[in-house]
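Trainee: Build the full structure now, drawing on both the sequences and the hints.
Protein chains in written order, with this note's numbering: chain A, 1 to 355; chain B, 1 to 396; chain C, 1 to 234.
Hints listed in this document are in silico derivations from the structure and should not be mistaken for laboratory results.
All clues given are correct.
Result set (SDA-like, lysine to any residue): computed pairs, CA atoms no more than 20 Å apart in a straight line: (1) Lys198/A with His230/A; (2) Lys26/C with Glu163/B; (3) Lys26/C with His160/B; (4) Lys92/B with Arg198/B; (5) Lys96/C with Arg174/A; (6) Lys157/C with Val378/B; (7) Lys147/A with Pro159/A; (8) Lys26/C with Pro162/B; (9) Lys386/B with Thr177/C; (10) Lys187/C with Glu135/B; (11) Lys96/C with Gln63/C; (12) Lys157/C with Asp355/B; (13) Lys174/B with His197/C; (14) Lys174/B with Asp185/C; (15) Lys357/B with His155/C; (16) Lys183/A with Met214/A; (17) Lys96/C with Tyr27/B; (18) Lys177/B with Met198/C; (19) Lys246/A with Gln284/B; (20) Lys96/C with Gln157/B; (21) Lys174/B with Glu225/C; (22) Lys174/B with Glu41/B; (23) Lys246/A with Arg322/B; (24) Lys18/C with Pro116/C; (25) Lys318/B with His155/C.
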Amino acid sequence: MSERPILVVGGGPAGMEATRGLAAAGYRAVLVEKRDELGGTPVSGSYAALTPDFRDAGEAMAEMAATIQGDPLVDIRTGSRVTDASGQAGAFAVTVEGPGGSEQLEVGAVILATGFQHFDPGRETQQYGYYEYDDVLTLVDLERMLKTGQVLVPSTGKPPERLCFIQCVGSRDRQIGNEYCSKVCCGVAAKESIEVRKLVPDCRVFVFYIDMRMYGYWEPQIYWVSQEQHHVNYIKGIATQITRTKDGRLLVRGEDTTMGRPMEVPMDMVVLSVGMEPSPGTIEMAGVFGLALNKYRFIDTLGGALDTVTTSVPGIFACGAATGPADLEDSVSSAAAAAMKAIGVVRRAALAGST
Amino acid sequence: MIPHSAILKPSSRTFVPDPGRAPTEDYHELIFELEKEGEWEVQRVPEPYIEVHNKYGRTKKIPLQKTWHHKSCGQCGHIPGYSTAVFWINRKLGLDYIDPTDQTSCTAWNYYASATSNAAAQAAVAMRNFAAAAETGYFPIIHCATSFGHYKETRQQLLHSPELRRQVREILAKLGKKLVMPEEIVHYSEWVHAVRDRIAEHQVVGMDHIRATIHPACHYHKLVGEDAVYADEIHGRQRSAIITGLLQALGIDVRDYSTWHDCCGFGFRHILVSRDFSRSFAVQRKIEVMKEEADPDVLITHDTGCVTTLDQSQFAAKAHGRNVGLPVMSDSQLAALAMGAHPYKVLQLHWHSTDNKPFLDKLGIDHKARWAEFEAAVAELRSGAKQYLTWEDCDV
Amino acid sequence: MGLDLSGRQYANVPLQEKQRLFDEVKADLRYDDYLFGCYECGICVAACPSARFYDFSPRKIAQTMAREDVDLFYVMLNDSVWDCSQCFSCDVCPRKNSPGGLITLMREVAVKNGLPSAQQALEGYGRVVYKIMATGTQVSPDMLQDNAFPDWGPHVKDISQNLDVWRRALPPDTMHTTETSWRVDDKTIHELYLIWHMTGVMDMIKEVDEGLFMILQDVMEERLEDAGYDVSFD
Chain A
1 MSERPILVVG GGPAGMEATR GLAAAGYRAV LVEKRDELGG TPVSGSYAAL TPDFRDAGEA
61 MAEMAATIQG DPLVDIRTGS RVTDASGQAG AFAVTVEGPG GSEQLEVGAV ILATGFQHFD
121 PGRETQQYGY YEYDDVLTLV DLERMLKTGQ VLVPSTGKPP ERLCFIQCVG SRDRQIGNEY
181 CSKVCCGVAA KESIEVRKLV PDCRVFVFYI DMRMYGYWEP QIYWVSQEQH HVNYIKGIAT
241 QITRTKDGRL LVRGEDTTMG RPMEVPMDMV VLSVGMEPSP GTIEMAGVFG LALNKYRFID
301 TLGGALDTVT TSVPGIFACG AATGPADLED SVSSAAAAAM KAIGVVRRAA LAGST
Chain B
1 MIPHSAILKP SSRTFVPDPG RAPTEDYHEL IFELEKEGEW EVQRVPEPYI EVHNKYGRTK
61 KIPLQKTWHH KSCGQCGHIP GYSTAVFWIN RKLGLDYIDP TDQTSCTAWN YYASATSNAA
121 AQAAVAMRNF AAAAETGYFP IIHCATSFGH YKETRQQLLH SPELRRQVRE ILAKLGKKLV
181 MPEEIVHYSE WVHAVRDRIA EHQVVGMDHI RATIHPACHY HKLVGEDAVY ADEIHGRQRS
241 AIITGLLQAL GIDVRDYSTW HDCCGFGFRH ILVSRDFSRS FAVQRKIEVM KEEADPDVLI
301 THDTGCVTTL DQSQFAAKAH GRNVGLPVMS DSQLAALAMG AHPYKVLQLH WHSTDNKPFL
361 DKLGIDHKAR WAEFEAAVAE LRSGAKQYLT WEDCDV
Chain C
1 MGLDLSGRQY ANVPLQEKQR LFDEVKADLR YDDYLFGCYE CGICVAACPS ARFYDFSPRK
61 IAQTMAREDV DLFYVMLNDS VWDCSQCFSC DVCPRKNSPG GLITLMREVA VKNGLPSAQQ
121 ALEGYGRVVY KIMATGTQVS PDMLQDNAFP DWGPHVKDIS QNLDVWRRAL PPDTMHTTET
181 SWRVDDKTIH ELYLIWHMTG VMDMIKEVDE GLFMILQDVM EERLEDAGYD VSFD
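Mentor: Okay, here's the thing in structure tokens:
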């Protein structure tokens, strides 16, 4: 008996890498993506350049997609969603609804790569005025702007003279319930700070932080570069509040803790380094497949540090930011691990069926 | 390629709260759970109530009437037009209420000032007042934001400490009272907010040409913030809707200023024994900033300490040539004024410090004539022709 | 005057005494809700009104408590906590600490132990404590005297001169009082006294202000006795 195909849900970096891995190993994969195009959040969020290597996000995602598009072992279904699932490891029946209607598929294992969504600053504990002031942006808004090749103050249309990032918005916050670090925001802010300085060399750029978290090579790749070559100012102290002065400029209030002095500094633009939360798709798929969520509503994985992809249901694996905050390196690595474990399930089921 | 206009106009952002993502436990559930376990009784918000929402999108019920007015010692003592205006609006709208005498102060002003008390005593004082309200069948409505804040804190402590509940239950039993927790802790300004459309229907003094700044009380929206009221259409649900909602309903231009989130400088002990701090803060961080940035005709706030500090601090500052002179009153006083209440018999503006006559002039209110009326009424009291002024003297 | 964090000023206070007071703060049932850990991020400081005018930092209060540094605690307990405004603007903490709440507990311990710094902080405040504990309302109309509030303006004098008649000119009939903010029932006052008695508040007053304690004791015992209660505050 030949192996059943493996279902991959989510066509972002993790889902595409899992699919690529399955096909490379000679296994059939069905990739279901609810959006009309592959690429996940880097594409839907209009990312400009990837962290930490500054690769063009659109090109990089297109390159990943090209590795699976046209592969005879890969059945890509965009504009589609999984609406029902039953069965067990080795033999799942899933209902996929797509442009062509509803269809039932037999699959041997499932990989969920349904990702995250950016934290909505409307729920922040602090008073940053994202919904009140046009010149308060998120990392994602700035990314979109960087993609146009220009950084302009929304309210004036002019380049900013002073711009700051505020870290940990929606992360590491017991008041909001997101107690975790979102891992990528420090790196993304450092990357964007470099891009801003390159595009607007006269703009002074500040990063207000609790702790800067630059793992491994991110230190020399982006953190040091931003400080040493682009003279970005890093200040330990989280802004309490953003208000607006009479002349319409933003005013950031906080404490410069290591200097031990209060700060009340004008800014033309403020960028909130919003963290990660489970995407609606992640929560929805956990419901469809009956998976346990952790207390932050990411998909729970059972294996601790040594197994990052095994979920509460045998035969179903999760990877990337569906299981918690993850950078691209994490996402593709866990995707490959999930692909390997899924292959194990369908291969062993096939072997059992043939004896 | 994304067009620049899309980047330059992000104001289409709207925030939609999801009660399912609220980071705190829902106190309603816990309160009713403890009722089921026999720990206390819950006093329900009487029907008909008005539904409003908190910052997480959870529903809060505001009673329309059958209210038991938990008065504020600072308001009744030093700004008596504040609570008088609350009662006057109730009467004008034909709503039933009780102004009780089986009520003590929450004693929190003293507690936050001197710490000469403790958690059990404070909880017992709160629950004694709540029990007194429940005995009447009327629902407590809290006039002071510090009482409101302190009672929220007390409720949180009682919810999570069986030991404190036991202690307070025993104390109340000795007083012949039951442990009763109200379903909601309601601040009077939330009631004003909830009935603002009715208030606006009764508006007889036009305020379309008025500019105002507001000051939200720390103990209202910062201390146990989940009870505070927010609304989509007011500040995009990013600041409490209270006061602003009323002012907008009355046609007033509510203006922003950069220190809106700052405290007033009251400080509890400072306002009584270290007033240089309160005065400096109120003037430099609030009044002068408002005057400079927003040029308001009036400052409206909703708490005892805030009205006191922001109003009374301006006199000495004026002597030092500071940019002050901004009349201060409560939302209840302003609402009553809009509905035609007498500025002295009801609003009792002669208890305020900062000159409010230019504001009354701007509203077209003949304050000289109104003061003469008040003086005439007082003369009757002095002569013994009358012992008290009553509601009949105040057009309700 | 700056806050001396060296602790030199309290070098002669035994460490055990500092530890005892620290432990007393920590033993309060609210402590675990007021302190988790501290990022030392300063978010509380920019929100704090007192930090603008005094050498006062809610961050340093939280840091001190989180580090369990009893020497520094003792400095804060004596030289810092009375600067706090108790507005709880510091409740924005991402860790959900409440520096203002910690200060409430610290002040309570300072009072309960009759620390000289607490006595000093409450100097001139006894009349307010008396008013609230003995009458059930705190800031009564008759406290508005121009010598008490000379900086509030001439209306204070007008009020004090017209107090009786202006109170009678208030339409709510509960507010014709001058010694209390509103008319409080006798039974209500008795219940309040019993609460003070049963919760140990009178013991705290005795520690921090013996004279005030004796006055309160006289008033309360007499009124309760008249009402048929048999209560001794000793």
